[in-house]
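Peer 1: If you want the building blocks of each chain, they are given just below.
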Amino acid sequence: MTPALELHGVKKAFGKAEIIRGLTLDIGMGERHAIIGPNGAGKSTLFNLITGRFAPTGGRIQLKGQNLAGKAPFEINRMGLSRSFQITNIFPKMTVFENVRCSLLWSMGYRYNFWSMVGRSRALTEGAEAVLEQINLTARRDLPAGVLSYAEQRALEIGITIAGGADVIMLDEPTAGMSHSETDYIVELIRTVTENKTLVMVEHDMGVVFGLADRISVLVYGEIIATGAPEDVRADPRVQEAYLGAALEDH
Amino acid sequence: MTETDQITTDPTKPAQRMRAGSMTIPLLPWIVAAALLMVLPFIFTANSAITIMNQMAITIIFALAYNMLLGQGGMLSFGHAVYAGVGGFACVHIMNMDDFFAAIPLPVLPIFGGLMGMGLATIVGSFSTRKAGTVFAMISLGVGELIAACSVIIVAFFGGEEGISGDRTYGLPTFGVEFLQQIEVYYLIALWLMISAALMYLYSRTPLGRMANAVRDNPERAEFLGYSARWVRFYSFVASGFFAGIAGALFAINYEILTEENLNTTQSGIILLVTFLGGVGFFFGPIIGAIVFTLVQTVLSLQTELWGFYLGIIFVLTVMFFPGGLAGLIMMHAGPLKTGKLGRLVLPYVKTLGSGLVGCLGAAALIEMIFHARHASTGDHEMTLYWTTFDSHTVLPWVIAALATGLGFHIARSTAPALAAAWHDANTPEGGRTA
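If you read the protein sequences in the order shown, they are chains A and B.
According to this note's numbering, the stretch in the first sequence is residues 5 to 255, in order.
According to this note's numbering, the stretch in the second sequence is residues 13 to 447, in order.
Be aware that one or more of the hints could be misleading.
[To be verified] 25 angstroms max Cα-Cα, derived SDA-like pairs, lysine to any residue:
{"#": "1", "chain 1": "B", "residue 1": "K143", "chain 2": "A", "residue 2": "R115"}
{"#": "2", "chain 1": "A", "residue 1": "K97", "chain 2": "B", "residue 2": "L341"}
{"#": "3", "chain 1": "A", "residue 1": "K97", "chain 2": "B", "residue 2": "N439"}
{"#": "4", "chain 1": "A", "residue 1": "K75", "chain 2": "B", "residue 2": "R242"}
{"#": "5", "chain 1": "B", "residue 1": "K350", "chain 2": "B", "residue 2": "S240"}
{"#": "6", "chain 1": "A", "residue 1": "K97", "chain 2": "B", "residue 2": "E232"}
{"#": "7", "chain 1": "A", "residue 1": "K97", "chain 2": "B", "residue 2": "G145"}
{"#": "8", "chain 1": "A", "residue 1": "K75", "chain 2": "B", "residue 2": "S240"}
{"#": "9", "chain 1": "A", "residue 1": "K75", "chain 2": "A", "residue 2": "R126"}
{"#": "10", "chain 1": "B", "residue 1": "K350", "chain 2": "A", "residue 2": "R145"}
{"#": "11", "chain 1": "B", "residue 1": "K353", "chain 2": "A", "residue 2": "L147"}
{"#": "12", "chain 1": "A", "residue 1": "K97", "chain 2": "B", "residue 2": "G86"}
{"#": "13", "chain 1": "B", "residue 1": "K350", "chain 2": "A", "residue 2": "P148"}
{"#": "14", "chain 1": "B", "residue 1": "K143", "chain 2": "A", "residue 2": "R57"}
{"#": "15", "chain 1": "A", "residue 1": "K68", "chain 2": "B", "residue 2": "L307"}
If you are wondering where the hints come from, they were derived from the structure by calculation, not from laboratory data.
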């Protein structure tokens with residue numbers, strides 16, 4: 005079976021600074037994969053390379069067997085990959101409902117349509133309402149997204165990310181800056197909305213990582229030093245040395 | 013119509029009521045507007061009034077088209093008069109093609125203007141919409157200057173400095189109407205105003221129109237939702253060019269002459285000013301802006317040579333204190349209206365704004381007197397201000413004006429806290445406690 009994501013010898017340098025140094029990784033269909041690593045290891049850069057925000061300086065990235073070289077973010081999105089951002093990235097002036105509706109437009113085939121009214125499409129309205137139900141924001145439907153609480157905005161961000169029906173979901177630190185109860189809520193949310201989908205996430209909270217992920221990759225200085233099931237990664241001496249030691253003792 | 017496009021009418025669904033707002037388009041304002049356009053010439057019958065209303069309607073269409081860029085799409089253009097101007101020039105040329113023009117009725121002529129504006133916008137937009145922000149603004153300015161410069165280079169199309177003129181009455185008569193009268197032109201423009209405004213409003217409700225807002229607010233997010241920000245901007249730009257072209261065509265029909273002044277950067281600046289003054293955040297903002305601007309331009313300019321100066325001050329104050337424009341000011345009162353406390357604002361408004369108005373009139377009088385004292389020909393000491401004729405070289409008028417200014421602004425300032433308190437009160441729902 006073709007892996008959902010295939011990275012082969014991927015490199016990225018900004019000027020002389022090499023951030024990603026020849027990275028090879030396969031993520032299978034339907035897998036929940038977490039990428040962990042210390043600050044500055046290149047996790048977010050890796051995300052930006054996969055989603056087309058940056059172009060790699062070397063190597064090859066394939067999504068479901070198709071090469072992503074030279075593809076713009078919107079083209080990669082149309083191929084079935086969707087992402088969230090570390091810093092909340094929504095449409096703050098639009099209502100919560102409209103945020104979700106906008107994220108449904110392309111996948112529902114509206115494309116650059118300028119002859120039908122969005123308000124008249126039952127499928128669009130019901131689809132958006134179903135997503136709102138899923139992310140538990142129905143009560144906030146008509147508020148501008150910018151006035152939501154931080155946790156609600158994060159939930160909306162995840163809603164926007166999954167609404168389009170992409171089968172590869174990439175979440176960049178979905179629980180960053182959240183309290184314990186908020187984290188539990190978001191983890192449950194992620195678990196349900198990524199059912200039967202491929203999930204790639206960057207996360208710092210080891211509780212979240214070990215609770216959600218089927219496999220874990222450890223990224224240190226632009227290289228993956230270990231990949232495997234949570235238990236194997238936890239036991240790997242190189243990982244303990246490089247990064248996990250202190251964090252693991254807490255769990 | 014596909015199955016998904018049908019309006020839901022199932023009354024058993026509880027979500028129906030909540031959804032109704034986004035499903036239906038409020039018809040009432042449109043009916044009122046249409047009725048108003050019908051009866052206005054019967055209220056303001058003077059020829060000069062018809063002229064002003066024609067000018068107003070054309071400016072409204074142009075400002076609404078401009079707001080498709082600025083308000084809806086977040087693109088600041090410094091050269092949008094070009095698309096209206098070129099549409100207008102094309103229409104004058106059609107008027108001068110005797111055989112062709114004789115075969116088409118005048119009311120469809122604006123379509124040609126629109127297509128011309130759209131064609132030019134397609135060419136320019138293909139490279140100018142790649143980036144938003146400063147890059148877009150600079151390209152729009154450059155293209156605006158370039159085409160304005162062309163008007164003295166490509167004389168065959170732009171007619172050089174004197175421009176080109178035509179005669180609208182040579183077209184195919186429409187139901188016996190030959191558009192000899194100003195009033196006939198008024199109804200033609202009014203019809204196009206309703207059509208254009210309705211189409212532009214509906215556009216904002218389409219998937220592309222919604223995504224124009226999304227790209228304006230967060231282009232990067234839109235890209236990760238499958239939309240190319242660049243193409244969304246491009247389509248808005250082309251649509252805006254079309255409606256600008258229609259405005260230009262109506263200008264051509266109304267005035268039967270186009271010159272370089274119709275497409276230069278001054279004109280582009282004016283439409284930016286009109287749109288911003290009215291308010292970019294609401295669909296009806298540019299309409300208010302166009303009405304106010306045209307009134308200032310036509311009525312105030314008869315009263316004083318300095319109207320541009322006052323307009324400049326109003327514009328600067330709007331940008332600094334009311335970035336939502338006049339429409340934003342109006343919509344600020346939706347809250348008090350809902351809580352039923354709008355009435356509580358009347359008295360504080362009269363106190364503060366009334367005295368502020370006295371102050372403004374006093375200040376304007378001072379400016380006018382200085383201007384008169386400095387610029388009137390020697391020995392001409394007599395001037396007329398607020399229907400009063402007096403000698404600008406005597407002390408009394410200066411004292412009165414200075415007193416009015418000082419007192420007016422002083423009272424306005426001292427009553428301002430009361431107004432602020434009343435405003436706060438009016439925006440607090442009944443029973444709500446505030447600190």
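Peer 1: Which hints from the list above does the structure break, by number from lowest to highest?
Peer 2: Hints 5, 9, 15 contradicted; others consistent.
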